[in-house]
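**Q** Residue numbers (our numbering), protein chains in the order written: chain A, 7 to 320; chain B, 1468 to 1763.
Everything labelled a hint here was simulated from the structure, so no lab data went into it.
Hints should not be assumed to be uniformly reliable.
No more than 20 Å apart at the CA atoms, straight line, and that leaves these computed lysine to any residue pairs for SDA-like [unchecked claim]:
| hint | chain 1 | residue 1 | chain 2 | residue 2 |
| --- | --- | --- | --- | --- |
| 1 | B | 1655 | A | 46 |
| 2 | A | 164 | A | 114 |
| 3 | B | 1515 | B | 1576 |
| 4 | B | 1655 | A | 50 |
| 5 | B | 1740 | B | 1576 |
| 6 | B | 1655 | A | 48 |
| 7 | B | 1655 | A | 45 |
| 8 | B | 1655 | A | 53 |
| 9 | B | 1655 | A | 47 |
| 10 | B | 1655 | B | 1484 |
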Amino acid sequence: MRNEFVRALVEVGEIDSRVLLLTGDLGYNALEPFAERFPDRFFNIGVAEQNMVGVATGLAEAGYVPFAYSIATFASMRAYEFIRNGPVLHELPVRIVGMGAGFDYGPNGHTHYALEDLALMRVQPDLAVLAPADSEQAEAAVRATRLIRGPAYLRLEKQSPAIPGLDGRFELGRAQLIGNGEDVALIALGGLARQAVQAAALLAERDVDATVAVVSTFNPAPIDDLGELLRRVPLALSLEAHYLNGGLGSLVCEVAAERAPGCRVIRCGVNAVPRGQSGSPHSLYELHGLTAATIAQAARKGIALLGQPSEAGT
Amino acid sequence: MRVGSDDNGRKPTNSRSVRVHRSSTGSTAPDARELAHRIRRGVIEQSKRANVGHIGSSLSITDIIAALFAGPLRAALPTDPDRDRFILSKGHAALALYAALHEAGRLTDQDLSSFCSDHSALGAHPEHVVEGVDFSTGSLGHGLSIGAGAALAARLQGSQRTVFVLVSDAECNEGSLWEAVMFAAHHKLSNLVAVVDVNGQQALGYTRDVLNLDPLAARWGAFGWDVHEVDGHDVDIMSTTLADLRRDEGQPHVLLAATTFGKGVSYMESQIKWHYMPMSDEEYAGALQELEAARR
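The following block holds chain B by itself, in its conformation from the complex (with noise of 0.2 Å):
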C-alpha cells in the first residue's frame, strides 16, 4: 500500500493505493463552510421543533453535505434527467439533506418545518417525490447498488454525469454493500464516488466494538478503488479532493471521511445517546449557542 501526502500529487498506478489528504488552509471554499453552518443550524432547528433524534448522525455529516452541495451538486438541477446524482444511502441522516436542499432553493422555509410532521414527505429518511431527492433510502446497504447502476447508465448513454453515494461506516456491514464494491470495479466505474462517513459509531456501539471495520482503506482499495483519506469536517480538504478526481483510471473512487459523531455540539460529540435522543430545551440553547460561537 502506498500512502500518498498531498491531494494534487499524480494519481498513483497501484489500484490499491490509499492517499491521505492533509489539512488544508482553508482558503478554497468558504460557501462551503457557511453553508455547512447553515446546515447545522438547520439539524439543530429542525431536529428540536420535531422532537427527534438521529441528530448525532446528521451533525457528522454536514461537512460532507456541504462539499458536495457548494460543489459538485450545486448545479444539479432536479428536472434535468442529465444531472449528476446524490444518494445519501445512509437514509437515517436525511435531516442534513434537507437543509442543504433548502438552502439551494429547492425546498422552502414551510417544507422544511415540516419535517417529521405527519403527511409530510419530509421523514427522517429521504423520499424520491421529495424535489431534489434523487433516490428513496433508510435501509442501509441499498444506495450503493443504485448508484451503481446509476452510474453504469451514464456510461451506457455517453454521460459525463458523476453519481456520488454517501454511506456510513457501519453501514459496510452490509454484505450487498460490498456486492456493489465488487461490481463497481470490475465495470471500471470512474464515475461513481461513494463517501464513507467514518464516525466509528452506531447504533448501540462503537464500530470497533460491533465489528470491526478496520483495516478500512485497505480494504476498499483491496477491491479496486481509489482511496482518499480525507478530514470529514475539512470542508476545504474535500472540495478539492472531489474536484480533482479523475475519470481516465478506471476506478470507482472512495472518500473515507473521518468525521465526529455529533460534530459541532460539544455535549453530543462522540456519543452513543444521540443517536436516537431527542434535545431537551437547555441543550438546545447549548446547543445553537455553540455554533454561533464557533462561526465566528
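Bound-form chain A, shown alone (with noise of 0.2 Å):
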C-alpha cells in the first residue's frame, strides 16, 4: 500500500501544489517518488514525531496541507496530544499518516503493532479517520483527503492484495458491502476484508449466508450503512487486528445499541498485550482468531447461540 499512497499522493501533488510531505525518517524505498518529482516539497523530519507533528501544524496554519508519515504507532502514539492539541484544535489539514496496521509488522515484536491506534484516532471529533483495506482503496482515499478541509489520519496497510469484489469502491462515511446474505454480517477493518470474503465463502459451504461490510472510514462513520445493515441480520461480527475495545467492534456496538437493538454482535479481535509473539500477520491472526477458518467457525457458533443468553466473543 505504500507505492500507491505515494504514487496517488504525487498525483495530489501535482494538482494541489500546497501539499508537502514529511516523514520521521522512515520509508525507505517508498516516498522517493514523491520526494524526487517535489525535492522542496519533502522533508526529512528526523526521528522526532512530536516535532513533526508540531512542524506540521505550523506549517498548516500558514496555508500548506503537509502528510507527516511514520510508523503507524509512532504516527498516532508518541505525537497523540500533539495531534490534538496542534492539527485538531486548530482546524488545520494536516495528514497523519501511520504505516503498518494491526500486525503488519508482524517480526518486528510488539512496539510495532498499531492495536489502539484507531481507538485512539476515531474519538477525536473533527479528525478524519480513513482505514483502506486494499492498494485501490489506499489511492482513492489519499485522493479523497482533498475533500477533507481539517485533519485526518491514514491508516495504511503494508501488504495490500486486492479484496475480491471490492473493486477499489471507497466514499468518505460509507461502508461497501460484498454480497448480500441476511444469516450474518461480517463487518471488517482494512485488510482482514481479505480474511472476510473468504470466510463467507465457508459459510456458504455450509448454506450460510454472509454479508460483508469493508469499513474503511471513520469520521465521518458509516453510521447509517451500518445501521440500515445490523437491522436486517440477527448476528454481526466486528473483524479487526486491533484490540477489542475502541475500535471498529466497539463502533459496531454502538450502531447496533442506537440503530439496531435486535441484533447481537461478536467481536472479533486482540483482547491482550500480545507479548513475546512476533512472527508473520498470518501466524499473529490464527493466534488471535483472525483467519477465514475462525471467523467463520465464530460465526456458526454465534448463530447457534442466537435467543440464548451469551458471553459470546473471542
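Join these two chains into a complex; the hints should help.
**A** Printed below as a string of C-alpha cells:
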C-alpha cells in the first residue's frame, strides 16, 4: 500500500502545490517518488514525531497541506497530544500517515503493532480517520483527502492485495458491502476484509449467507450504512487486527445499540497484549482467531447461540 | 564560548557564541515601559477579579511581552496572513498576553473582563479563537515545534515575517522542545526567535532543585542557536536586541531573558506559592500601590 499511497500523493501534489510530505525518517524505498518529483516539498524531520506534527501544524496554519509519515504506532501515539492540541484544535489540514496497521510489522514485535491507534484517533471528533483495505482504496483515500478541510489520519497497511469483490470502491462515510446474505454480517477493518470474504465463502458451503462490510472510514463513520445492515441481520461479527475496545467492534456496538438493538454483535479482535508473539501477520491472525476458518467458526457458533443469553466473543 | 560585551558588536561567527547584553540607559523604548506598566496592572486587576493564580508567571513575562508588542509585533494585524507570528508557549501566562492585546486594541474592556468567566474564550491558557492569539497553547513543549513549522512556512513562501515563541525555563524540561531546537538549527531558521523566560522557578520548586538547566546558554549555543543573554525586565535592551537580530547568518535566535518571578509585586517575587495562589483584598491593594509607586 505504500507505493500506491506515494503514487497517489504525487498525483495530488501535482494538482495542489500546497501538499508537502514530512517523514520521521521512515519510508525507505517508498517515499522517493515524491521526494524526487518535489524535492522542495519533502522534509525528513528526523526521528522526532512530536516535532514533526508540531512543524506540520505551523506549516498548515500558513496554508500548506502537510502529510506527516511514520510507522502507525509512532505517528499516532508518540505524537498524540500534538495531534490533539495542534491540527485537531486548530482545524488544520494536517494528514497523519500511519504505516503498518495491526500486525503488519509482524516479525518486528509488539512495539510496532498498531492495535489501538484507531481507538485513539476516532475519539477526536474533528479528525477524519481513513483505513483503506487494499491498494485501490488507499489511492482513493489519498485523493479523498482533498475533500477534507480539517485534519486526517490515514491508517495504511503494508501488504494490501485487492479485496475480491471490493473493486476499489471507497467513499467517505460509507461502508462498502460485498454480498447480501442475511444470516450474518462480517464487518471488517482494513485488510481483514480478505479473511472476511474467505470466511463468507466457507459459510456459504454450510448454507449460511453472509454480507461482508468493509469499513474504511471513521469520522465520518458509516453510521447509516451499518445501521441499515445491522437491522437486516440477527448477528454481526466485527473483525479487526486491533484491540477489542475502542475500534471497529466498539463502533459496531454503538451503532447496534442506537439503531439496531435486535442484532447481536460478536467482537473479534485482539484481547490481550501480544507479548513475545512476533511472527508473520498470518501467524498472529491465527493466534488471535482472525483467520477465515476461525471467523467462519465463530459465526456459526454465534448463529447456533442466537436466542440464548450469551457471553459470546473471542 | 565567546562572551560579547554589547548588543551592537559584530555578529560572532562561532555558532556557539553567547552575547550578554548589559543594562541600557533606559531611553530607547518609553512606549514599551509604559506598556509594561499597563500590562502589569491588567494582570493584577484581572487576576483579582477572576480570583485566579498564575500571577507570578504573568508578571515574570510582562516586560518581554511589552518589548515584543511595542516593537516587532506592534504592526501585526490578525487578519494579515503575512503578519509576524507570536506563540506564547508558556500558555499559563496568558493573562499578560490578553492585557497586551487589550492595550493594542484587539480586545475590548468587556473581553478582558471576561477572563476566566463562564463561557469566555479568555481562559487561563490562550486559544486561537481569540483575535490576536495565533496558536492555542497550554501544554508545555509544544509551541516551539509549531513556531519552527511557521518559520519554515515563511521561508517556503518567500516571506520576511518573523516567528516569536516565548517559552519558560521549566519548559526546557520537555524533550520535545529540544527536538524543535535541533530542527530549527538544522534548517537554519533565522526567522525564528525564541525568548526563554528564565525566572528560575517552576510549579513545585526552583529549577535548580527540580531539574537543573545550567548551563542554559551553553546548551542552546551547543545546539547551534544564536544566543543572547538579556535582562528580561529591561525593555530597552530587549527592544534593541530584537531589532538587531540578523537574518543572514543562518541561525535561529534565542533571548535568554533573566527575570524575577512575580516581578513588580515585592511579596510575590521569587515565591513559589504565587504560581498558583490568588490574592486577598489586602494583597491586591498592596500590589496596586507598588505598581503605581514604581511607575512614578
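**Q** If a hint holds in the structure, say so; if it doesn't, say that too.
**A** Results for each hint:
no., hint, in the structure
1, 1655/B with 46/A, "holds (15 Å)"
2, 164/A with 114/A, "holds (13 Å)"
3, 1515/B with 1576/B, "holds (15 Å)"
4, 1655/B with 50/A, "holds (15 Å)"
5, 1740/B with 1576/B, "violated (29 Å)"
6, 1655/B with 48/A, "holds (16 Å)"
7, 1655/B with 45/A, "holds (18 Å)"
8, 1655/B with 53/A, "holds (18 Å)"
9, 1655/B with 47/A, "holds (17 Å)"
10, 1655/B with 1484/B, "holds (16 Å)"
Comparing the model with each numbered hint stated earlier shows that hint 5 is the single one that does not hold.
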